[in-house]
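Working from the sequences, and respecting the hints, build out all of it.
Read off the chains here:
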Amino acid sequence: MADDIKIVDGRGSFCPGPLMELIAQLKSGQVGDVFEVLSNDNGSSKDIPEWVRKVGHEFISTTEEAGVWHIRLRKAK
Amino acid sequence: MKILIVGGGMGGTILANSLARRLSSELRSGKARVTMLSASEKHFYQPGLLYLALGRMTPDELYRDQASLLEPGIDFYVDPVEEFMLDSNKVKTKSGKTIDYDVMVLATGSRMFPEGVPGLAENAEFFYTEETAVKMFRRLQAFEGGKVVITVGVPHKCPMAPLEIIFMLNDYFKDRGIRDKVQLHYTYPINRVHSLENVAKWAAPEMDQLGITYDTFFNIKEVDGANKILKSEEGVEIKYDLLIAIPAHKGMEVLEKNGLGANGWIPTNRTKLNMEGRSNVFVCGDTTNIPISKAGSTAHFEADTLAENIAAMVKMGSPVREYDGKVFCFIEAGKDRATYAMFNYLNPPDPKAPTKAMHWFKIAYNKLYWISARGLL
Chain E
6 MADDIKIVDG RGSFCPGPLM ELIAQLKSGQ VGDVFEVLSN DNGSSKDIPE WVRKVGHEFI
66 STTEEAGVWH IRLRKAK
Chain W
4 MKILIVGGGM GGTILANSLA RRLSSELRSG KARVTMLSAS EKHFYQPGLL YLALGRMTPD
64 ELYRDQASLL EPGIDFYVDP VEEFMLDSNK VKTKSGKTID YDVMVLATGS RMFPEGVPGL
124 AENAEFFYTE ETAVKMFRRL QAFEGGKVVI TVGVPHKCPM APLEIIFMLN DYFKDRGIRD
184 KVQLHYTYPI NRVHSLENVA KWAAPEMDQL GITYDTFFNI KEVDGANKIL KSEEGVEIKY
244 DLLIAIPAHK GMEVLEKNGL GANGWIPTNR TKLNMEGRSN VFVCGDTTNI PISKAGSTAH
304 FEADTLAENI AAMVKMGSPV REYDGKVFCF IEAGKDRATY AMFNYLNPPD PKAPTKAMHW
364 FKIAYNKLYW ISARGLL
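Protein chains in written order, with our numbering: chain E, 6 to 82; chain W, 4 to 380.
Since the hints were derived computationally from the structure, they do not count as laboratory data. A couple of the hints might just be wrong.
[Stated by the list, open to error] BS3-like mimics (lysine-lysine), calculated; alpha carbons at most 25 Å apart, straight line:
hint, chain 1, residue 1, chain 2, residue 2
1, W, K338, W, K177
2, W, K224, E, K51
3, W, K224, E, K11
4, W, K275, W, K318
[As the list claims (entries may be wrong)] Some but not every residue of chain E turned toward chain W, in silico, with C-beta under 7 Å:
hint, residue
5, G17
6, S18
7, F19
8, C20
9, P21
10, G22
11, L24
12, M25
13, E26
14, I28
15, A29
16, S33
17, D52
18, K59
19, V60
[What the hints assert, rightly or not] Quick list of the computed label-pair ranges, beta carbon to beta carbon:
hint, chain 1, residue 1, chain 2, residue 2, range
20, W, D353, E, G34, 32 to 40 Å
21, E, G61, W, K34, 55 to 63 Å
22, E, G34, W, K93, 30 to 38 Å
23, E, E70, W, E225, 37 to 45 Å
24, E, E70, W, E74, 46 to 54 Å
25, E, I12, W, S282, 21 to 29 Å
26, E, R79, W, G262, 21 to 29 Å
27, W, D353, E, I12, 26 to 34 Å
28, W, E125, E, G61, 20 to 28 Å
29, W, A70, E, G61, 50 to 58 Å
30, W, Q144, E, V39, 43 to 51 Å
All residues carry an ideal CB built from backbone N, CA and C; glycine is no exception.
Dropping the structure here:
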């Protein structure tokens with residue numbers, strides 16, 4: 006099932022940045038798809054879960070490994 | 004080596020001209036060939052649309068004949084590609100020609116797609132095409148007061164345009180003597196007023212000072228034109244009198260139809276700039292899926308890298324450098340002052356306070372651009 010996870014690689018992206026990149030890529034996804042955002046920006050670990058909850062998608066998890074944040078969510082609508 | 008460039012915008016044109024210069028002897032001897040296919044005989048300076056929408060440029064200033072910008076030795080055809088056959092290194096054009104290549108560069112740009120949001124296309128003004136920018140100018144001229152809402156979708160090209168339009172509108176209404184009758188409101192998709200954190204840190208206090216209000220974490224869901232209400236995915240509703248939108252964009256339809264990338268964004272290696280899975284197909288400008296600004300300067304710096312690499316492939320058999328993510332964007336902060344943001348994959352921007360000198364540099368660049376297009380600046 007790891008293969009089904011859609012990776013949004015926002016590392017090194019200042020503009021548009023990991024969250025805007027996620028918002029853009031969600032449009033291509035189907036309801037139920039799991040996305041994982043990769044970011045080396047600490048702010049993403051707070052901004053992305055906050056937006057996911059606000060807009061009504063399902064927040065799954067946030068982990069950090071070697072300076073890279075992995076933020077998982079499921080498209081709910 | 005047969006080099007095919009698909010797209011006659013900024014990236015494709017700078018690339019073609021740079022290659023023609025680097026490979027001048029190879030083009031003369033027939034060892035290399037550079038072919039460009041475009042959908043238009045005209046070259047369009049898109050950054051001028053911001054000024055067109057505010058009556059500060061006229062449509063004729065935005066166009067030049069594409070052929071007049073190209074170095075001798077480039078085979079240029081107004082004959083867009085309709086079918087890509089990557090496995091056999093061929094494309095088929097609208098006129099029915101089949102053109103084969105050794106190396107292809109896809110530089111087809113991007114387009115606004117307001118149709119993706121219910122009610123947006125028919126109820127908002129835009130400035131991302133000549134037609135919509137002229138229409139917006141006329142609408143602004145007729146506007147005598149009320150709430151103007153600028154709303155921003157994702158993704159879009161020209162990342163600075165949202166800030167530029169709101170600051171320039173502030174001065175536009177001031178100059179008309181009706182700024183006190185106009186409420187300016189701005190919405191942005193993430194939790195600050197711009198994607199670049201340092202730019203947002205500069206812009207938000209500027210907006211506060213100018214009395215421009217804003218909603219962040221606002222992603223456009225639909226427009227109720229009958230009641231003039233803009234609605235967000237986050238459940239917020241905003242009433243407007245005049246709605247100006249920078250809608251979500253897509254790549255060109257032909258790329259989607261040919262299965263090259265969802266929404267027309269081609270999977271691209273962010274440093275080598277090749278299409279994922281294809282060593283002889285490169286991508287330049289807006290149509291990559293790289294999480295980088297969709298901006299003219301991005302196309303320009305990518306074209307510089309590609310020109311050097313493709314020329315090296317001809318002369319030495321392999322590329323020689325990687326793209327470092329460099330972007331440079333002017334930011335107009337009103338009618339007579341500007342700043343800029345310069346960054347790459349490793350270094351964020353650090354914009355300074357706007358100055359008149361930088362604004363005049365941008366105005367000069369609106370004219371100097373034609374030298375850039377020729378690969379000289």
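Evaluated hints:
no.	hint	verdict
1	W/K338 <-> W/K177	10 Å, holds
2	W/K224 <-> E/K51	24 Å, holds
3	W/K224 <-> E/K11	23 Å, holds
4	W/K275 <-> W/K318	18 Å, holds
5	G17	4 Å, holds
6	S18	4 Å, holds
7	F19	5 Å, holds
8	C20	5 Å, holds
9	P21	5 Å, holds
10	G22	5 Å, holds
11	L24	5 Å, holds
12	M25	5 Å, holds
13	E26	4 Å, holds
14	I28	5 Å, holds
15	A29	4 Å, holds
16	S33	4 Å, holds
17	D52	6 Å, holds
18	K59	5 Å, holds
19	V60	5 Å, holds
20	W/D353 <-> E/G34: 32 to 40 Å	35 Å, holds
21	E/G61 <-> W/K34: 55 to 63 Å	59 Å, holds
22	E/G34 <-> W/K93: 30 to 38 Å	32 Å, holds
23	E/E70 <-> W/E225: 37 to 45 Å	39 Å, holds
24	E/E70 <-> W/E74: 46 to 54 Å	49 Å, holds
25	E/I12 <-> W/S282: 21 to 29 Å	22 Å, holds
26	E/R79 <-> W/G262: 21 to 29 Å	26 Å, holds
27	W/D353 <-> E/I12: 26 to 34 Å	30 Å, holds
28	W/E125 <-> E/G61: 20 to 28 Å	26 Å, holds
29	W/A70 <-> E/G61: 50 to 58 Å	52 Å, holds
30	W/Q144 <-> E/V39: 43 to 51 Å	49 Å, holds
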